[in-house]
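J.: Start from the sequences and build out the full structure, keeping to the hints where you can.
From first to last, the protein sequence lines stand for chains R and P. Using numbering that gives the first Met the number 0, the letters of the first sequence map in sequence onto residues 0 to 280. Using numbering that gives the first Met the number 0, the letters of the second sequence map in sequence onto residues 0 to 311.
Source of the hints: derived by calculation from the structure; they are not laboratory data. Fair warning: this is a prediction, and the values are worked out from it, not measured in the lab. From the three backbone atoms N, C-alpha and C, an ideal C-beta is built for every residue, glycine too. Where hints are given, some of them may not hold.
What the hints assert, rightly or not - Quick list of in silico lysine-lysine cross-link-like pairs, PhoX-like style, CA-CA up to 25 Å:
1. P:K233 <-> P:K184
2. R:K162 <-> P:K19
3. R:K130 <-> R:K84
4. P:K19 <-> R:K54
5. R:K130 <-> P:K265
6. P:K19 <-> R:K130
7. R:K162 <-> P:K35
Claimed, not checked - Here are some of the chain R residues that sit facing chain P, going by a computed Cβ distance under 7 Å:
8. G120
9. V121
10. T123
11. A128
12. S151
13. E154
14. A155
15. S222
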Amino acid sequence: MSELLRSKANYIRNLVLEMCSAASTGHVTSSFSCTEILVALYYGGILRFDPQKPKWEGRDRLIISKAQASAILYPVLADLGFFPKEELGRFCQADGKFGVHLQNDVPGVEITSGSLGHGFGVATGLALAAKMNRQLHLVFALLGDGECCEGSIWEAAMFASHKRLSNLIAIIDRNYLMATDFTENAIELEPLEEKWRAFGWRVKSIDGHSFEEIFDALDGVRSRRSSKPLVIIARTVKGKGVDFMSDDPLWHAVAPKGDEITRAKNQLGVDEPKPFREALL
Amino acid sequence: MKTQRDAFWDKVYEIALSNKDVVIVSADMGAPSLDKFRANLSSQYVDVGIAEQQAIAVSAGLALGGKKVFAYAIAPFITLRCYEQIRLELAAMNIPVTLVGVGAGMSYDDSGPTHHTVEDISILRALPNLRIHSITDSNMAIAIASMSCFLPYPNYVRLDRKVFPTIYSPLYDFSHGLANLTEPKVVPDVYLVATGNMVHRALEVAQELPLGVIDIFTLPINQDLFLKTVWKAKILFTLEEHTLPGGLGSAVCELLADNGLTIPVKRLGLDFSKGYCYQYGGREHLQSLYGLDKESIIRRIALALEAHHVDH
Chain R
0 MSELLRSKAN YIRNLVLEMC SAASTGHVTS SFSCTEILVA LYYGGILRFD
50 PQKPKWEGRD RLIISKAQAS AILYPVLADL GFFPKEELGR FCQADGKFGV
100 HLQNDVPGVE ITSGSLGHGF GVATGLALAA KMNRQLHLVF ALLGDGECCE
150 GSIWEAAMFA SHKRLSNLIA IIDRNYLMAT DFTENAIELE PLEEKWRAFG
200 WRVKSIDGHS FEEIFDALDG VRSRRSSKPL VIIARTVKGK GVDFMSDDPL
250 WHAVAPKGDE ITRAKNQLGV DEPKPFREAL L
Chain P
0 MKTQRDAFWD KVYEIALSNK DVVIVSADMG APSLDKFRAN LSSQYVDVGI
50 AEQQAIAVSA GLALGGKKVF AYAIAPFITL RCYEQIRLEL AAMNIPVTLV
100 GVGAGMSYDD SGPTHHTVED ISILRALPNL RIHSITDSNM AIAIASMSCF
150 LPYPNYVRLD RKVFPTIYSP LYDFSHGLAN LTEPKVVPDV YLVATGNMVH
200 RALEVAQELP LGVIDIFTLP INQDLFLKTV WKAKILFTLE EHTLPGGLGS
250 AVCELLADNG LTIPVKRLGL DFSKGYCYQY GGREHLQSLY GLDKESIIRR
300 IALALEAHHV DH
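T.: Dropping the structure here:
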């Protein structure tokens, strides 16, 4: 299974690359750091969803609080059939339906987000509503590590543990980078595990690019004995898969162009003979 | 006589007894009328602590989960402190949460500028989808409470902290968003357009001067009804315990300008251009410092009428 997922992750990364390159915008590296996480959730049997019924009541809610990772969610949703893949070719275009940040009118997207520190709080409300309504679906929230500088994240973290929101799973894409610098140079986040633990969360720390570790961390997630919400701190590499784009603040919110696209594709090892828009449209 | 706040929450309590989806999200804000809600409907009462951003975010999540949510705090904190949450979690997605803020204008007259609510109308009326209900009396508070559970858009209820006389009957239809409170026999060519507590002041002024009074309790203003009411007027005065930039007066001027009406308008409100109000000594005193006491208003109206050569 892992081999299939790895192949899928590669395919999705390629879609991200093509979509953003064609539009000359989008957060490629922020998307590459959480590719395995999204692939595991959507293709690994974790999330409950129905592309034909995006508003199905029993679905799990995935809130992408680091909404700049729209560049990976949209290709995943298109690949799963939430909307036609052709729409990826219209990313940020006048005839398109979505842009660099997430909007809730796209099938499969739960909330509009883009300003950091917002989605996670909404996720706590969704989780509380599910508890109040005695519903069994789970609420997942994908956070950026830089996003943890926002005070609102910690307001929500306190709330979730106090309310015993055991149906809430936060995954932190710990890629150690913000827009202009490494997190520890800007505002030191470490010791991050201890912080979350002190806020009343069950904490797991994993390699965010390892499907095995992601699945281990999510094992039994629907029948957790703990009443604490769960946070998974997933150590990742911003730009994972393309060495010249990795771990470099200058590649934040930048789409590769010209030769860079070919070099990136070669590194991803994906054969894509036709130009993206031509292939899709 | 009940405060607007207690009248409002008593009605919400009554609705919540039979509708388990009605939820109050409080940012550590109480009220005598809320004690029974907390005691008897504790599963429908969510205290987020002193965290207004979280109050809005969690309210949005609850609303997405099917709840009818009221998010409650002192008015400046549930509007300004969490403005971006209101903008994105509520207005941008058109999520029907009711914000309830107590302390309109300088209601917290003993607390200084941190607790004065004087820019909320300006900033909230800039947001799409959201309606503002600026409450005038307790019967209006009750009616808006009833309505709030069923509105398909975000809603801000601006409540005063003090007790005011009742103007409206319990059966009044508030759906029009404004009320012409002009004495039946008066056919005015001058209108005083007010909101919230200043409607009461406007009615006091109307005892002394032959002018019409319009209460604007919903923003955006009901354009058709407003223009139909004032189009023959020679001059309009707007009156609000709120800063002038972007407030009720601005909203009135925008309506007139956009519709090509050249009626002169004189805005009466809080001139904070030199700084916030750090004065104390009661609300009447604070109002007098900004020319919002009855005598000052009468004087300012007379001067403006003279300047505009309105024979009155």
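J.: Would you mind marking each hint as holding or not holding in the structure?
T.: Each hint tested on the structure:
no. : hint              : verdict
1   : P:K233 <-> P:K184 : 18 Å, holds
2   : R:K162 <-> P:K19  : 19 Å, holds
3   : R:K130 <-> R:K84  : 35 Å, violated
4   : P:K19 <-> R:K54   : 23 Å, holds
5   : R:K130 <-> P:K265 : 53 Å, violated
6   : P:K19 <-> R:K130  : 13 Å, holds
7   : R:K162 <-> P:K35  : 21 Å, holds
8   : G120              : 3 Å, holds
9   : V121              : 4 Å, holds
10  : T123              : 6 Å, holds
11  : A128              : 2 Å, holds
12  : S151              : 4 Å, holds
13  : E154              : 4 Å, holds
14  : A155              : 6 Å, holds
15  : S222              : 22 Å, violated
In this structure, the earlier hints numbered 3, 5, 15 are contradicted, and the remaining ones agree with it.
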